[in-house]
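In order, the protein sequence lines correspond to chains A and B.
Quick note on my numbering: the first sequence kicks off at 364 and runs consecutively.
Quick note on my numbering: the second sequence kicks off at 11 and runs consecutively.
Among the hints, a few may not be true.
Simulated DEER-style distance windows between Cβ atoms [as the list claims (entries may be wrong)]:
| no. | chain 1 | residue 1 | chain 2 | residue 2 | range |
| --- | --- | --- | --- | --- | --- |
| 1 | A | 632 | B | 129 | 39 to 45 Å |
| 2 | B | 425 | A | 693 | 54 to 60 Å |
| 3 | B | 249 | A | 771 | 34 to 40 Å |
| 4 | A | 367 | B | 311 | 54 to 60 Å |
| 5 | B | 129 | A | 366 | 49 to 55 Å |
| 6 | A | 524 | B | 135 | 37 to 43 Å |
| 7 | B | 344 | A | 466 | 42 to 48 Å |
| 8 | B | 210 | A | 771 | 41 to 47 Å |
| 9 | B | 313 | A | 486 | 50 to 56 Å |
| 10 | A | 673 | B | 249 | 44 to 50 Å |
| 11 | A | 771 | B | 414 | 42 to 48 Å |
| 12 | B | 344 | A | 721 | 50 to 56 Å |
| 13 | A | 701 | B | 364 | 20 to 26 Å |
Derived by calculation from the structure, the hints in this document are not laboratory data.
Owing to the predicted nature of the structure, the values given are computational and were not obtained by experimental measurement.
Here a beta-carbon is modelled for each residue, glycine too, at the ideal position from N, C-alpha and C.
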Amino acid sequence: MEEQETLLGDIRVLDLTDEKGVYCTKLLADLGADVIKIERPGGDPMRNIGPFFHDEPDPEKSLYWFHFNTSKRGITLNLETPDGREVLKKLAKTADVLVETFPPGHLEQMGLGYQALREQNPRLVLTSITPFGQTGPYRDFEGSDLIAQAMGGLMYIAGYLEDPPYRLYGSQAYHSASVLATVGTMIALYVRELTGEGQQVDVSLQEAVSMAMETAMQAYDIKGEIRRRASRPPVIPGIGLYECQDGHVSSFIVAGAGAGWDVIVDWMDSEGMAGDLKDPKWDELWGLVSNFRLLMALASDPQKLMARLEQFGHINEIFTAFLKSRTKGEIYDSAAERRIMITPVQTPRDLVESPQLAALGYFVDVEHPALGATLKYPGAPYELPETPWQIHRRAPLIGEHNFEIYEKELGFTREELAILKQEGII
Amino acid sequence: MAQKKLPFEGLRVCDFSWYAAAPVATKWLADHGAQVIKMEYSARPDLIRLAMPQTPGKEQSLNVSGWFNNQNSSKLCLGLNLTHPKAREVYHRLIMISDVVVENFSPRIKEGLGLNYEDYVKLKPDVIWVDQPMQGLTGPHKYRAGFGAIITPLGGLSSLTGFSHRPPVGAGTNYTDYIINPAHLAIAIVGALRRRQMTGKGQHIVMAQYASAASILETAILDYTVNNRIPARNGNRIQHAAPHGCYRCKGENRQGLYSSPLGPALEMKEDRWCVIAVFSDEQWRAFCDVIGNPPWTKDPKFATFLGRKENEDELDTLVQSWTKERSAEEVMMLMQRAGVAAGVVQDAEDILIHDPHLRARGYYVYLDHPEAGHTAYDGIPFRLSATPGEPRSPAPCLGEHTEFVCKEILQMADEEFDELLVEGVVEVG
Chain A
364 MEEQETLLGD IRVLDLTDEK GVYCTKLLAD LGADVIKIER PGGDPMRNIG PFFHDEPDPE
424 KSLYWFHFNT SKRGITLNLE TPDGREVLKK LAKTADVLVE TFPPGHLEQM GLGYQALREQ
484 NPRLVLTSIT PFGQTGPYRD FEGSDLIAQA MGGLMYIAGY LEDPPYRLYG SQAYHSASVL
544 ATVGTMIALY VRELTGEGQQ VDVSLQEAVS MAMETAMQAY DIKGEIRRRA SRPPVIPGIG
604 LYECQDGHVS SFIVAGAGAG WDVIVDWMDS EGMAGDLKDP KWDELWGLVS NFRLLMALAS
664 DPQKLMARLE QFGHINEIFT AFLKSRTKGE IYDSAAERRI MITPVQTPRD LVESPQLAAL
724 GYFVDVEHPA LGATLKYPGA PYELPETPWQ IHRRAPLIGE HNFEIYEKEL GFTREELAIL
784 KQEGII
Chain B
11 MAQKKLPFEG LRVCDFSWYA AAPVATKWLA DHGAQVIKME YSARPDLIRL AMPQTPGKEQ
71 SLNVSGWFNN QNSSKLCLGL NLTHPKAREV YHRLIMISDV VVENFSPRIK EGLGLNYEDY
131 VKLKPDVIWV DQPMQGLTGP HKYRAGFGAI ITPLGGLSSL TGFSHRPPVG AGTNYTDYII
191 NPAHLAIAIV GALRRRQMTG KGQHIVMAQY ASAASILETA ILDYTVNNRI PARNGNRIQH
251 AAPHGCYRCK GENRQGLYSS PLGPALEMKE DRWCVIAVFS DEQWRAFCDV IGNPPWTKDP
311 KFATFLGRKE NEDELDTLVQ SWTKERSAEE VMMLMQRAGV AAGVVQDAED ILIHDPHLRA
371 RGYYVYLDHP EAGHTAYDGI PFRLSATPGE PRSPAPCLGE HTEFVCKEIL QMADEEFDEL
431 LVEGVVEVG
């Protein structure tokens, strides 16, 4: 059988990432690159991050490890020893990309900086993901996902003004930096095929999240205004979060995006829950909230907004009671039929049960023979029918591919490997 | 000296996309040298052009939205009325001479415009065709409309983010629109360009924004499918660090106008916070040294990591009793000097004006826009040492490059162009 072509089937990646960059190498691996995860002897510290398979803490049962290391091969190598570094140089000769997340300067200290690696392989792309980047006064600062979400401006505008700012779930600074590092790596590979030369890609967690400030930077630049946390119960009817029977729905009824209030009032009326909203006295108000420009102007003018609060409150009361009497699934289906922009706030269970994701074939079953189990993983962020995204294999066990890579591919003899093992190098 | 070539010099992108999730991706292509041609019409513009913030006094213009401008640097704009029956001939010609075609309409509109890969691949086999629908080109919900604001709740991020005693209001912005979705898209596009360069083959890329957003939930999906657990919203806390939170700091007598839609603007910075993250026992000892080892740090209940986790509410209160007497900057510097991870919860003024690190790295780029003036743009968040991109020119005014695109790129004769203008197929800005 002919093997299915992949997007990066000709690319080998050396993976020296921790949590900051491990999604980058997962993306490359699931696109077909031969990603070699390099762990310290005994196993990578990432294996200690939970949750664990059936809540059994064990370095071979970390779901964190499983999720972020799909499609990779794994070897152990001690870079703290001169022999270990020589082995890495050998590997670098065979590689196209090295992705690393050490503090700036650490690779140089080990004699493995870009210049040294370039001497081994001028075609190599070196991608570095660090809290603050390779240059600048904070480059040696300690960082983490929380620090980056704060320093990158994302936290300040998340949540309610009366609460402390909060970080987005799921290490979004790490995810942001990783996806952006992958874009940079792909561009560097594209250029390399034209010029034959590799280069360095520098990604800072702080810079990575800053673009997600949406309008905050520009509001200060253009108007001298500092955007703040703005979540609150809905003021303008139909814009914000509403409770329903089994959770919440997010409503975004804005002119130009889906159906407007005439349709919503008819919907509520068909269920006998429209109150007095069919009365023509509301027509002027529907006109206002159906005009994008007027609505935007209203939202930014406290006086005009205050003058409308009583009317808005009345509409919101009726709308809130209506939504509260229904489940998020019912609301989503009925709203979609009418092209009304209301969306359920979905939990992981809702995603797993989503008929749409099922139709896309999104979730993927991966066999874990050592656990005697098949686990359901999140799937492809994009469809590339000619070169499909795929989980090619489950995450590697500790040192699973040592012999395959060291002996068969790099040509070490069994005797040499025994010595390296004895010296604590592999 | 000859300037280094930009990576995508010579590539043309026919860009039907609007809002954010695809335009940010095509902005990166443009910033790295591609000729990206965006199509809009004043009666039906990219709606972000209408959004705040707008240059004061020019709010009637379609060209002064800071939001729009930031994510459309380095592009050209063809003023084309896509709903006009004669528009199809114009964009058809543009597609035929482009390397990449990008659209992110709802599938219904896409089909109506005849923007179908299946048709075009027959005419142009090496085309890289990019569809970025909300929920996919197939499946029962493919026609469900939406944009970034619905993807954060739909994709699962909102339900997991925030404090457990509060409703799941989400990210504060349409987060996935600016990084996750455009970056996933750009990965696929650049990968396809590389493959085409090596094999001559085009390809089809479909990125459902829903699937892209569902892919960045860390272990939330596996924890559910394997352990049947749904993680509770946990604010700023994580399993393997304590203290790990956001702490109030002293207000600062520094200028800065907070915008506040429902009340008077405040003029002094009172809303000041810092974050601190202590992972190891060694860092805990360093943290205690920084705050002067007050008696409570000797309390046995805080001596171990498990103890600090068990008493995290009390711990956070005690940490804040120290931070609130100091400025956020002071807290960060004291902690960092001792090797403890800490940072200011920076607002836009901090980031754009005061942050010495971002300034030293030259992150923000200022460009002169004909209507919006001298304004700031986000820099490139992935820096290539040999062939760096950058916002090369400000976002285009609507229809700014209509004549150039029609005459120079599409090689229209003057008469043909004039006819299209008169008929309202194209417009100039």
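Here's how the hints hold up against the structure:
1. 632/A with 129/B: 39 to 45 Å: holds, 43 Å
2. 425/B with 693/A: 54 to 60 Å: Since the Cβ atoms of residue 425/B and residue 693/A sit about 58 Å apart, the hinted range of 54 to 60 Å holds.
3. 249/B with 771/A: 34 to 40 Å: Since residue 249/B and residue 771/A have Cβ atoms about 39 Å apart, the given range 34 to 40 Å holds.
4. 367/A with 311/B: 54 to 60 Å: Holds, at about 57 Å.
5. 129/B with 366/A: 49 to 55 Å: violated, 30 Å
6. 524/A with 135/B: 37 to 43 Å: violated, 55 Å
7. 344/B with 466/A: 42 to 48 Å: Violated: the Cβ-Cβ distance is about 20 Å, outside 42 to 48 Å.
8. 210/B with 771/A: 41 to 47 Å: At roughly 33 Å between Cβ atoms, residue 771/A and residue 210/B fall outside 41 to 47 Å, so the hint is violated.
9. 313/B with 486/A: 50 to 56 Å: The hint (50 to 56 Å, Cβ to Cβ) holds, given that residue 313/B and residue 486/A are roughly 52 Å apart.
10. 673/A with 249/B: 44 to 50 Å: holds, 47 Å
11. 771/A with 414/B: 42 to 48 Å: Violated - the Cβ-Cβ distance for residue 771/A and residue 414/B, about 57 Å, lies outside 42 to 48 Å.
12. 344/B with 721/A: 50 to 56 Å: Given about 52 Å between the Cβ atoms, the range holds.
13. 701/A with 364/B: 20 to 26 Å: With Cβ atoms ~48 Å apart, the hint is violated.
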